[in-house]
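Chemist: When the letters of the sequence shown are read in order and numbered with full-length UniProt numbering, they come out as residues 1 to 886.
Check each hint, because a few of them may be wrong.
[Claimed, not checked] Below, computed lysine-lysine pairings styled on DSBU-like, alpha-carbon distance capped at 30 Å:
| no. | residue 1 | residue 2 |
| --- | --- | --- |
| 1 | Lys652 | Lys604 |
| 2 | Lys839 | Lys794 |
| 3 | Lys174 | Lys240 |
| 4 | Lys829 | Lys460 |
| 5 | Lys73 | Lys5 |
| 6 | Lys422 | Lys449 |
| 7 | Lys472 | Lys460 |
| 8 | Lys149 | Lys240 |
| 9 | Lys5 | Lys341 |
| 10 | Lys672 | Lys604 |
| 11 | Lys671 | Lys652 |
| 12 | Lys109 | Lys136 |
| 13 | Lys73 | Lys90 |
| 14 | Lys744 | Lys672 |
| 15 | Lys150 | Lys5 |
| 16 | Lys73 | Lys109 |
[To be verified] Distance windows between CB atoms, simulated:
| no. | residue 1 | residue 2 | range |
| --- | --- | --- | --- |
| 17 | Asn843 | His200 | 51 to 59 Å |
| 18 | Lys284 | Asn714 | 53 to 61 Å |
| 19 | Gln376 | Ile309 | 16 to 24 Å |
| 20 | Lys73 | His200 | 34 to 42 Å |
| 21 | Tyr24 | Ser100 | 18 to 26 Å |
| 22 | Glu798 | Glu593 | 42 to 50 Å |
Keep in mind the hints are simulated off the structure, nothing from the lab. Please read all numbers here as calculations on a predicted model, not as lab measurements. Where is the CB? At the ideal position from N, CA and C, for every residue including glycine.
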Amino acid sequence: MTGDKVALSYLLLLALSLPPLSIYWEEISVMDERNTPMRTYQVCNVMEANQNNWLRTRHISREGAQRVYIEIKFTLRDCNSLPGVPGTCKETFNMYYYESNNANLWFIKESQYVKIDTIAADESFTQVDVGDRVMKLNTEVRDISNLSKKGFYLAFQDLGACIALVSVRVFYKKCPLTVLNLAQFPDTITGGDTALVEVHGMCVNASEEFEAPKMYCSADGGWLVPIGRCVCKPGFEENKDVCQREWACRPGTYKASATDAYCTKCPPHSSSPQEQAVECVCEKSFYRAETDPRSMACTRPPSAPENPISTVNETCVTLEWSPPRDTGGRGDITYSLHCRKCSGDGRKCTPCGSSVHFVPRQFGLSSATVLVTDLQPDSNYSFTIESQNGVSDLSPTPRGTVVINVTTSQTVSVVLKERRSKDSVTLAWQGPERPNGAIVEYEVIYYEKNQREQNYTVLKTRSNMMTVDGLKPGTTYVFRVRARTDGGYGSYGGEIELETSHEGKGMNDKYLFFAYNNCAFLFRHCGYIKAKQDPDEEKMQFQHGRVKLPGSRTYIHPHTYEDPNQAVRDFAKEIDASNIRIERVIGAGEFGEVCSGRLRVQGKREIYVAIKSLKAGYSDKQRRDFLSEASIMGQFDHPNIIRLEGVVTRCKPVMIITEFMENGSLDTFLKKHDGQFTVIQLVGMLRGIASGMKYLSDMSYVHRDLAARNILVNSNLVCKVSDFGLSRVLEDDPEAAYTTRGGKIPIRWTAPEAIAYRKFTSASDVWSYGIVMWEVISYGERPYWEMSNQDVIKAIDEGYRLPAPMDCPVVLHQLMLDCWEKGRSDRPKFGQIVTILDKLIRNPASLRELANSSVWSVGYKLNAVNSTLSLTRACSLEMIGLDYRI
1 MTGDKVALSY
11 LLLLALSLPP
21 LSIYWEEISV
31 MDERNTPMRT
41 YQVCNVMEAN
51 QNNWLRTRHI
61 SREGAQRVYI
71 EIKFTLRDCN
81 SLPGVPGTCK
91 ETFNMYYYES
101 NNANLWFIKE
111 SQYVKIDTIA
121 ADESFTQVDV
131 GDRVMKLNTE
141 VRDISNLSKK
151 GFYLAFQDLG
161 ACIALVSVRV
171 FYKKCPLTVL
181 NLAQFPDTIT
191 GGDTALVEVH
201 GMCVNASEEF
211 EAPKMYCSAD
221 GGWLVPIGRC
231 VCKPGFEENK
241 DVCQREWACR
251 PGTYKASATD
261 AYCTKCPPHS
271 SSPQEQAVEC
281 VCEKSFYRAE
291 TDPRSMACTR
301 PPSAPENPIS
311 TVNETCVTLE
321 WSPPRDTGGR
331 GDITYSLHCR
341 KCSGDGRKCT
351 PCGSSVHFVP
361 RQFGLSSATV
371 LVTDLQPDSN
381 YSFTIESQNG
391 VSDLSPTPRG
401 TVVINVTTSQ
411 TVSVVLKERR
421 SKDSVTLAWQ
431 GPERPNGAIV
441 EYEVIYYEKN
451 QREQNYTVLK
461 TRSNMMTVDG
471 LKPGTTYVFR
481 VRARTDGGYG
491 SYGGEIELET
501 SHEGKGMNDK
511 YLFFAYNNCA
521 FLFRHCGYIK
531 AKQDPDEEKM
541 QFQHGRVKLP
551 GSRTYIHPHT
561 YEDPNQAVRD
571 FAKEIDASNI
581 RIERVIGAGE
591 FGEVCSGRLR
601 VQGKREIYVA
611 IKSLKAGYSD
621 KQRRDFLSEA
631 SIMGQFDHPN
641 IIRLEGVVTR
651 CKPVMIITEF
661 MENGSLDTFL
671 KKHDGQFTVI
681 QLVGMLRGIA
691 SGMKYLSDMS
701 YVHRDLAARN
711 ILVNSNLVCK
721 VSDFGLSRVL
731 EDDPEAAYTT
741 RGGKIPIRWT
751 APEAIAYRKF
761 TSASDVWSYG
771 IVMWEVISYG
781 ERPYWEMSNQ
791 DVIKAIDEGY
801 RLPAPMDCPV
811 VLHQLMLDCW
821 EKGRSDRPKF
831 GQIVTILDKL
841 IRNPASLREL
851 ANSSVWSVGY
861 KLNAVNSTLS
871 LTRACSLEMI
881 GLDYRI
C-alpha cells in the first residue's frame, strides 16, 4: 500500500524578507521551455561581497502533520560563466523554517530561524544556455520533523548566488483509508519520525471483532503489519471483505458463530424458516442440550432398555439388560434404577429405602449392569430400569423404562442324615419350600473346625445327598449347604458340625432337623483340602479366599514349593548371560547393585533392561530370597505391573532382568517435576496404578508395601507397580519403618489393622493406595510430614486423616478418605477405584472444584513440629478445619 501526499502549500514565494541591509529578491515573469509564462523569484547580486538576502513565505498551517516535506524547483548560474565576478560568488543558498502559532508575523529575527539545509544545484547554467533556451531546472526535497505548533514559515537565504526560485511545494504524507480483513482503517498522517503509528480498525457493517484489528502506518505512508481481524456476524457470510444483506444466510441454513466462514445447512431434525438464522430450531419431539454444539443434530430421549435379566445370589441380585434399541441419536446413554418392595400378591409396593445398596451406584450408570445388595430373604422386589440421555430432561413425555420382578431366595432347610466313618461323612437335606425357579444344583462347603480361614472345599451335586470322603479320622468338620436355581444362588443354611470316627470305630447314623436364615460369610485361607467326589459332583478349589475357575489364574506363593528353585524354573525364563550387556549403575538394592543395560533377544533387536545382581558372598537363604521376587513377578502379565524378562542363575553373578523404566521411581520423578503436570495427567497415573493393583488383587496377591517409591515410571508416563521381594528394606530412613513381631512395617503407608494385627489384605493395599494418591497430588511430599511413627499411629487411631494437598480436586480427596476408612469392608475395591477414575477422566469438569487445603496443611505441620499430638492438638485441628474424626 502506497501513501498519499497532501499539499499544504503549492505557490510561488510571495512574502519578501525585510532585513535592513539586504537586496530584495525580485519577482520576475519568464517563459518556460513551452513558452508558458511563469513567475519566479530571482536574486543575482554577485558583484558585491557580504550578501545576505532573505525571502520568506506566508504562514503555512501544518494541519496536524508532524512531518512535512518541502519540494523546491530552482535554477542556479555557474559562477565561472560570469566575467569579472569576485571570489565571493556562491553556488548554494540556505533554507530555514520558523514554527509559530501566530499566522500574522511581519518580522522574524534571523536568529530565530532553524536551518533546514544548504541547497546546492545538481546542474548550473551559463549565459549561453539561456540564449539557447536550455532551462536547467533543479528539484530538491527536504523534510521537517516533530512539528507541534499550528504552522510554520519558510525562509530562503542568499549569500551571493545567482539563483531563481521557480516553485515551492509543501506537503505531508498519509496512509490512505483502506479496508482489510473486514476492518476499515482511516486516513492516517504519518508520524513525526521513523516510528510507526499504530491504528485500530473499525469492523465494517455486519461484522464484529474476532481479534482486535490494527495496522501500523509507516513514515512513507504505507500500511504495515496487519494484526487481528473482524468476522461476519452470525447469520451473514463474507464476500470480498464485505458482510452484506444479500449474503445473509438463506432459510434452511444457519451460521452459529462469527468465526464460521460460511452458512451451513441445518443439521438433521432441525430447520431455519427465516433468513439470517444463527441456529436451527429442533423439530417437534427433538431437542438440543445446552452443552450440545449448534452444529449437532437434534436428538430425542432413548427408548426403554431391553432384555432385562436377574441373577439372585442369596439376598443379592445382579440385574443386567441390553441397551435401548433407539438411542435417540446420542451416545451419552445412562441408566437409573428405582426399587420397590412388594407384598406376596404383588398388589402393594413401597419404596425400598436406604437399606438397599446398589453397586456401583443407583443413578447415572454407564454400564448395563448393577449389583443390588442387602435385600430381605424370601421377598418380592420390583426394579424399574430407566434409560436416559442428555435431552431426557427436556422432554415432557415419560422416559423409557422396563420393569423386572425379583424374588430373593430362601435358605435350604436341612434334614440332616449323618453317616460317619473314620474318613467320610454322608449328608442328606431337603431344598427350600418355595424356590425361586427350578433347582439346578446344590453347593456344599466344608472345612475343619477352627480352620475356615486357612482351608475349605466346595463341592457341587445335582442330588440332595452327598458323601464326602478323604477326611481325617477323629476330626470335627463344619458343613453348610445352599441351592442354586435358574434365578441364582440362595442363602447358606446354618453351620453343621460333624466329627469323623476314630480309628477302629464303626459307622453310626443320626437324624437332625435344621433350618437357618443366614447370609453368606466371608472366607480367607491358603491352600485347599482334597476330597473324593461322586461322579455327578463338581469340585472347585479355593486359594486365598477365591474360587479358582477354569482358565483363571491365582498367585502361587514361592514358599509353598519344597524346592524354591523349582518356582524360579516354573515362572522365570533363564537368560544366557552372554546376551546381556551392562552399561551403567543406576542404584543399589538390598542384595546388590541395580544397573541398566541391553538384552539381545534372538530374532529381535536389543531392548533396554534393568539388571539386579546378587552381590558376592551370598548365603543360600539370600539367594532364595533374591530369586523369590522373580518367582512372584514372573506370574504377572499386565501393562501396569513391572515385566520380568528373565533371570540368570547358571553363572555368577545371579541376576534378575526386568524392563527398563526411564523415569525411575514415581516419588523422585514427581519431586523433580513439581507442578508440571495437569490434573488429568496425574489422574491417568493413578488410574494405571489402580489398574495394576486390581490385577494383583484379582490374582489374590497382597503387595504389603504399596508406595510411590515402589512405582516406576517409563518415558510415556506409564506407572507400573514393582518391588515384589518377600524380604524388603523398606527405606533407608530408620524412622520410616516400625518394627513389630514379624518384621518391619512402613507405618505411613500401612492400614491400622496391618500395623496392629499383621492383617494384610487387598483392603490394606487400598489404604496404601490412598496414601499413594496423596503423594501423587502433592508431587512427592512426605506423608504426615515430620511426625514420628508413634505420633502417626496415635493420630490415625484417633481418627485423623491427611488433608487434601494443594490444588487437589474435592473428588480425589474424597476417594482418599474412602480408602482410609477404618473398617476394611468400608473401603472401595480396586475395581471400583478404576471405574471411578475412568469416569473422572471422561468428565474432566468434575475435577474443577478444589479442596481448600492450604490452611489445613500449614496448621497441621505447625502442630506436628510442636509434637502436640494430644487433646490440645485435637482442639487446634478442629479449629482450623481438619477432617478430625473421633
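Chemist: Hint by hint, say whether it matches the structure.
Modeler: For each hint, the structure was consulted:
no. : hint                        : result
1   : Lys652 - Lys604             : holds, 26 Å
2   : Lys839 - Lys794             : violated, 35 Å
3   : Lys174 - Lys240             : holds, 25 Å
4   : Lys829 - Lys460             : holds, 29 Å
5   : Lys73 - Lys5                : holds, 18 Å
6   : Lys422 - Lys449             : holds, 16 Å
7   : Lys472 - Lys460             : holds, 21 Å
8   : Lys149 - Lys240             : violated, 42 Å
9   : Lys5 - Lys341               : violated, 92 Å
10  : Lys672 - Lys604             : violated, 34 Å
11  : Lys671 - Lys652             : violated, 37 Å
12  : Lys109 - Lys136             : violated, 33 Å
13  : Lys73 - Lys90               : holds, 18 Å
14  : Lys744 - Lys672             : holds, 29 Å
15  : Lys150 - Lys5               : holds, 19 Å
16  : Lys73 - Lys109              : holds, 26 Å
17  : Asn843 - His200: 51 to 59 Å : violated, 42 Å
18  : Lys284 - Asn714: 53 to 61 Å : holds, 55 Å
19  : Gln376 - Ile309: 16 to 24 Å : holds, 21 Å
20  : Lys73 - His200: 34 to 42 Å  : holds, 39 Å
21  : Tyr24 - Ser100: 18 to 26 Å  : holds, 23 Å
22  : Glu798 - Glu593: 42 to 50 Å : holds, 43 Å
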